[in-house]
Amino acid sequence: MGSEIRFILNDDEVVARKPAGRTVLDFVRRDRRLVGTKVGCREGDCGACTVLVGRRAEEGRVRYRSMTSCLMPLGNAHGAHVVTVEGLNVDGLSPDGLNPVQRAMAEEGATQCGFCTVGFVVSLAGFCLAAEEITAEEAVAAIDGNICRCTGYKSIERAAARVSAALAPADVEERVGWLASNGWIPASFVSIPGRLAELGASVPYEGTASGTGRRGSVGGGTDLWVQRPEEMEGAPVDLLLDDPRLRGIREEGGRIVLGASTTVQEMRESPLLLRLFPRLKRHLKLVSSTPIRNMATLGGNLVNASPIGDLTIFLLALEAELLLADGETRRRLPLADLYRGYKELDLATDERVVSISFAAPGGGTRFNFEKVSKRTHLDIASVNSALRLEVEDGVIREGTLAAGGVAPVPFRLPATSAGLAGRPAAAETARWAAASALEEIAPISDVRGSAEYKRLLLRQLVYAHFVELFPETVPVEALL
Amino acid sequence: MRNIDSAGHLRGESLYLDDLPELEGTLHAAVFGSPVAHGRVRRLEIGPALETPGVVAVLTAAEIPGENQIGGILPDEPLLAEDEVHYDGQPMAIVVAVDEAVARRATRAIRAEIDELPAITDPREARRRGLLIQPPRTFSCGDVDAAWEDCAYVVEGVAESGGQEHLYLETQGAYAHRTEKGGLRIWSSTQGPTVVQRCVARVLGLPMKEIEVDVTRLGGGFGGKEDQASAWATMAALASLRTARPVKLVPHRLDDLRMTGTRHPYSSDFRIGLDEDLKIVAYEVTFHQNAGAAADLSPAVLERTLFHATNAYFVPNVRATAYSCRTNLAPNTAFRGFGGPQGMFVMEAAIAAVAERAGVEAAEIQRRNLVRVGDTFPYGQAVDEPTAEATWDRCAERYDLAGLRRRVAEHNARDPVRKLGLAVMPIAFGIAFTKTHMNQASVLVHVYGDGSVGVSTAAVEMGQGINTKLVQIAARVLSIDPSRVKIETTNTTRVANTSPTAASASADLNGHALVRACSAIRGRLLSLAANELGLEAGSVDLREERVVVGATATRLGRESLDWESLVRAAFFRRVDLSEHAFYATPGIHFDAETEKGSPFGYLVYGTAIVLASVDRLRGTYEIEAVHVVHDVGESLNPTVDGGQVEGGIVQGIGWMTMEEVIYDEAGRLRSGALSTYKIPDVYAAPKRLEYELFETESGNGAVYRSKAVGEPPLMYGIGAFFAIRDAIRAASPEARPSLVAPLTPERVLLALYPQGERATEAAFAEGEESPAEVR
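Chain order of the listed sequences is A and B. Note that this note's numbering has the first sequence beginning at 1, numbered continuously upward. Note that this note's numbering has the second sequence beginning at 1, numbered continuously upward.
Watch out, some of these pointers could steer you wrong.
Capping the alpha-carbon separation at 25 Å, the derived lysine-lysine pairs in PhoX-like fashion look like this [stated by the list, open to error]:
#1 A:281 to B:687
#2 B:435 to B:596
#3 B:209 to B:181
#4 A:285 to B:687
#5 B:279 to B:687
Read the hints as simulated data drawn from the structure, not as lab findings.
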C-alpha cells in the first residue's frame, strides 16, 4: 500500500503527497494554479468545476467520465487521468486556438459571463470522448449538471447539436484516436492508456495517513463533501470507490447483486439492469446529474440515510437486502430494517455495506418510479415513490410501495404493501392504495414542500404508478 | 461579430477575481455573520477565533478608522454590526487568516451574545408597525376615485411575487492591498467601481484619490453587484489596512446566499376597472416592497416599480402607491429589471383577474389597451413611437397567435392529463437611470504608436457583451479592424466618477462617450492627413484603415497612407493620440415633488407568446415555447442582443416558476444553498425559444440606434406564470389559482386539487371496499 496519490493531470504525471480528502478542485486551483476550473458552489450543484476523470477500462482503453471536482477527494484520482479545461485546449491546430467544441460554443454565442463556460466545455468533451450514442439529445444530456445563469441555454443547446453533428463520422471503436487526429483533443491523449499502466498506481493508495480519529468510509464523496467539506480535507478515510470487491452488477441464483461501490451511472448503463427494468434509463435520469451519477455510489446513497434518497426508495420497493461486513463477520439485513430513525442506522461502527441484492424481477413484475421536485432534474425530491407489483391475470399477487419525503426515514409502507395482495390491477386499487398510504405517512413541512402538499403529491404519485403500469386497465380519467 | 471574450472563456483563460495571481503574503478573510435576525448585542467573543492557529486578525467595528456606514441612498447600514443586528448573517466580524479554510473555521469559534428581538419578515406587518424605509410615494393621473363609476367590470385582488437570488456563478469578492502613502488598490467583482471606491474611502476615512478600484470582469452580476459588492470590498480593504498584508475575501457560496439580498419580494393590492369595450378605465395599486433591513437601493427600485406599474398599457386614471417596508431580511437590492418586473406582474395579474370576470381572453384586454403615440404614462412621459402595438401585431402574425390558440384548445379537448396554456406578455421598459444625474459616462482612449487602441470606460463586462459592443464602436468610428482595439479593465484611476453598469444603459452611455472620443482622434488624424497631403481639411476620409479622397486611396511619398502610417506620422508631428470624452443623456428630467417628468431617453417594447403544459396528475409543468418579437431599434450586434433576449427570458421564467426564496419565521434563509434554491437548468429552459429582433426607426437616444437590451427581456418571463395558470384552468374549471409567484409545482398541484388529499380519505371512508372484502 502506498501513501502517494499518483495520477496524470492533463499531460503531467503527478505524485501528490497531499491529504486524500483535499478536493481535486482545490488541488488543481491552488496547488497547480490551473484556474480555468472554477469554484461555483462547492456542492456539486453548478458544474463550474467539472473535470474529466479517465480510468483504465476493458481492452486497455481509458474510459472518461465527467465529475464535479469540488466533491471529488484527491485520493479518488489515484491511477486516473484527470483532465481540466487546460488539458483540452489544442494549440497550433486551429487558427483561433479553439477545438471544435469550443468553436461551436463561440459561433453560437454560447458564452456570456464565461464563468460556467469551462464546465460546459469539459462536459461536452466528455460527451465526445465517451458517448455511446452520438445524438444532439445525448450531447445535451452531458451538460445536465452544468448551470448557466446568463445564456438561457438555447445557444448552448445549439452548440451541442453542432458538436454532435460534427462528431458523427468519429469511429466509435477508436474514438480517442479519431478525436486526437482531428484536433478535438491534444494528441497526448493517445498515449494516456500506456502511461496510466506505467504509472505505478497499481499499488493501491492506502488512504491518508494524516489525521486522527475513526477512519471514515468514502465512496464517491458526493454527500460527505457537501455536508462536511472542511472536516473531510484532513479526515482519515478509506476510499472504497475503486475496491474491486465492492464493484460489479451480476445475477446470482435468481438475485441481482450490486456491489456497494457501483455508481448510479454504472447502474444506468448496465445491460443486465436495463433488460430487467426497461424504464431504468429514464428513472435514473431523475437522479441528480451526469457528473454526480458518475461519482455517487449505491452504498453511499443507502448509508447516507436521506429520507428522500432516490435509490433507497427504488430498492426498498424491490425488497432489497444488504450484505454487511465488519472485517470478521458478515450478516444480511433487509434494507427496510437498516433505518431506525432520522439518519439513524442499524449499522455497527466497523460495519460496511458490501453489496445489495434483490430478487430478479420475473415476467409478472411491474415496477415504476416517480419523483417530483421543484426542478425536474438535478434536484432533491419533494416526494419520490417506487411501486413494485407481482401481477398474475390482472390480479396483484403481492407488492411493495415505498416513498421518500413522507417520513423521517426512507419509507417502505408496510400496511399498504401488505394490503396490495389480492387486489385487481385497476383504478379502484390505485385509490385504495393512495388512501391507505396517506394513513401511514407523516410528512413534515420543509423547504421542499408543505406537509399538505406532500400528502397530496404522494396520492398523485400512487395514481401515476398505476396509470404508468396499467395503461389498459387503469384509465387516467378514473383518477383525475 | 463574435463576442470578443469568448475564446478566453472557452479556453479557461479569462481571469476572474479569484483567478488573479496571488501577491506574496496574501491573507484570506471570512466573515462572521449574526446568528439571529434581530437583537441587541451584549457581547461579541472573538478571543477563541483569534487564538486559532493560522488566524492573523479578527476585526470588529472597533477597528474601523472612518465611518462605520455603507448605506448609499440612506445612511442606515453599518459595515459591521455593533449594538444591534437586523438580519441573520449581518456581518459582525472579519477573520483574517493564512488560508480560506482556516478563516472560515475560525468564524465558528466566535460567539455573539445577543438578546433576541422579534423578527419581521412580512412587509405588510412592517407597514402596520410603521417600519418604512421612506415615506410612501404615489404616482397618479386622472381621477381614479371617480372613474370606477364608468366601469362595467371592476375586480380587486392580491398579487405577490417572491424574491430572486442573483446566483451569479461567480460569488462576490474582493482583493485588496496597500499602496504607497497609506492608499489601497482593490480588485473587486463589482458593477460599480466608484460605488466601491466611495464606500471604502468613507469607511477607512481616506480621500477617494487614495482608493484605486479595478475590475477585470464579472462572472455574472444581474444587479447583485451594483451596490452589494461594496461591503465585501470594504471588508477586504479594512483587513488589508489593519494587517498590512494583501487580503482576499471571496465568500463561500453559502455565505454569499445568506449575507446578500435578492430581488425584492412584493405583496400588492390591486383594483382594476374596465368599460364595456374592455378599455382599462382605472387602476389602483398599492405595493408593499420587502426592502429588508436597510435601504440599499430599495428607494430607487421602488421608484421604477411605480414607473412600470401600468406596463405597456394606457390607463387614464391611475393611483399607484408604494411602501418600502423595513424587515429583518438581508437588504434586498437591484436585480435585472430593478422593480419594473414586480410592477408589471401586478398589472398582468389584474388583467388576468378581470379577464376571468369578464369572460374574455386576457389578450383581448391587453391588445386593446397598448400605448399609442400621444398617450402618456402616469408619470407624464409621452409615448413617441407605435412600437407597442407594432411588436404585438408582428408577434401575433409571425407566430400565428390565433392558430396557436386553436391548437391549444384542440389539444386540451383531446388530452386528459397534459393540458396546454397560453399567455401573451407585452412589455414597455424605460431606458435611463431614473436618477437623472446618474446618466453620465466618460471614457479614455489611447491610440498607441503601432496603431493599436486601448479603451477605458466606466462599463464593466459581466457577460452582457459590453466589451464587444465597445470594440465595434471604436473600430467603426476609427475605421479600423476590431482586432486593433483592446477594452481595458474598468479602473477608477483611468475613468473617474463612474455610474454603475446597470439600468441597461451602459452601452448607450459609454458608447456615446466613446463615439465622441474616437471622433475627436479621428478628426485630428484626418486634419493631419489633409495637411500632409496638401489637401483641404474635410476632403480626406478614413475608410477600412486607409486615408482616401473620394474612393481613391492616398499615398504619402512612396507609402500608401494607411492607419499605421497615419498614426506614426501623428506621433512624430506631436499630435495628441489620446482623448477623454464625456456624455450626459440629453433631455431627460423628473420632478420628485410632482412625480412627473420624462425620465427615460426612450422605451423598449416587445411582445412574447408563451406556451406551457401542465401535468394534471403530478402538478409538474414545462415551458413548451416562447415566441418573441423584441424591439432593438437597429441592433449593433444581433448575437449579443439575441443572447440577452434568450438569457433574460429564462431568468424571468425562473423567477416566476421554480426560484423560491424561503425564510422561516425567525428570518433565517431556508433556501440558502444550491440544493434548496433551484434556478433553471438546460431541461427547464423552454423547449422552443424563437425571437425576432424587431427593427424600428425609433430609439434616437440609443448609440447607433441600437436600443438597450439588458433588462427588458426578463419581463417576458412573466408570461410563463400566466401560461401555466391558463393550463391549470384548462385542466380544472374549478381551479382558482392564486396570483402568487413563483408558481412552483406545489402551488400548481394545490391549485389543481383545492380540496387537497382530504377528498381521498373521504372517498375511502364513504364506500370504497375495505381490503378484507376484496380478498
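Comparing the hints with the structure gives:
Taken as a hint, the residue 281 (chain A) and residue 687 (chain B) pair is honoured in the structure, with Cα atoms around 21 Å apart against an allowance of 25 Å. Our distance criterion of 25 Å between C-alpha atoms is met by residue 435 (chain B) and residue 596 (chain B), whose separation comes to about 13 Å. For the suggested pair residue 209 (chain B) and residue 181 (chain B), the alpha carbons sit about 11 Å apart, so the restraint of at most 25 Å is met. Between residue 285 (chain A) and residue 687 (chain B) the alpha-carbon distance is near 18 Å, which keeps this suggested pair within the 25 Å criterion.
In summary, the hint linking residue 279 (chain B) to residue 687 (chain B) is not supported, as the alpha carbons are separated by about 34 Å, beyond the 25 Å threshold.
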